[in-house]
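In our numbering, the protein residues as written are 1 to 86.
There may be inaccurate statements among the hints.
[Unchecked claim] DSSO-like, lysine-lysine: derived pairs with alpha carbons at most 27 Å apart:
id, residue 1, residue 2
1, Lys15, Lys44
2, Lys44, Lys20
3, Lys57, Lys15
4, Lys44, Lys57
5, Lys44, Lys71
6, Lys71, Lys15
7, Lys7, Lys57
8, Lys71, Lys7
9, Lys20, Lys71
10, Lys71, Lys57
11, Lys7, Lys20
I should point out that these hints are in silico values taken from the structure, not numbers from a laboratory.
On a predicted model such as this, the values are computed, not experimentally measured, just so you know.
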Amino acid sequence: MSTRQRKWETRRRRKEEDLKNASMFFISNLLDSCDTVRLWEASKIILNLRDAFVQEKRDGSRNRFGFIRMKHIVRTKDWILESVQG
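Make the full structure from the sequences, and use the hints.
Here you go:
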């Protein structure tokens, strides 16, 4: 295995480890103009944001959707309630 391949493999393993215990959230009803970069920018206020992506396909109601992944969310239900209630 070349040095370049070893570096790539190390990066891949680190990302897998980083995302192993992450919580993923489904985000629906996105605007047609929303892409992965815009979702990331809108979500970056979340301190533990690890990943964001928007699917090209649409859900059953023809809405765009995506996902965000966050790390270190211990009690997900409590975090969601706090976020919604302000």
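Hints, verified against the model:
| no. | hint | in the structure |
| --- | --- | --- |
| 1 | Lys15 x Lys44 | 18 Å, holds |
| 2 | Lys44 x Lys20 | 20 Å, holds |
| 3 | Lys57 x Lys15 | 25 Å, holds |
| 4 | Lys44 x Lys57 | 24 Å, holds |
| 5 | Lys44 x Lys71 | 13 Å, holds |
| 6 | Lys71 x Lys15 | 12 Å, holds |
| 7 | Lys7 x Lys57 | 33 Å, violated |
| 8 | Lys71 x Lys7 | 24 Å, holds |
| 9 | Lys20 x Lys71 | 9 Å, holds |
| 10 | Lys71 x Lys57 | 26 Å, holds |
| 11 | Lys7 x Lys20 | 20 Å, holds |
The structure shown violates just one earlier hint, number 7.
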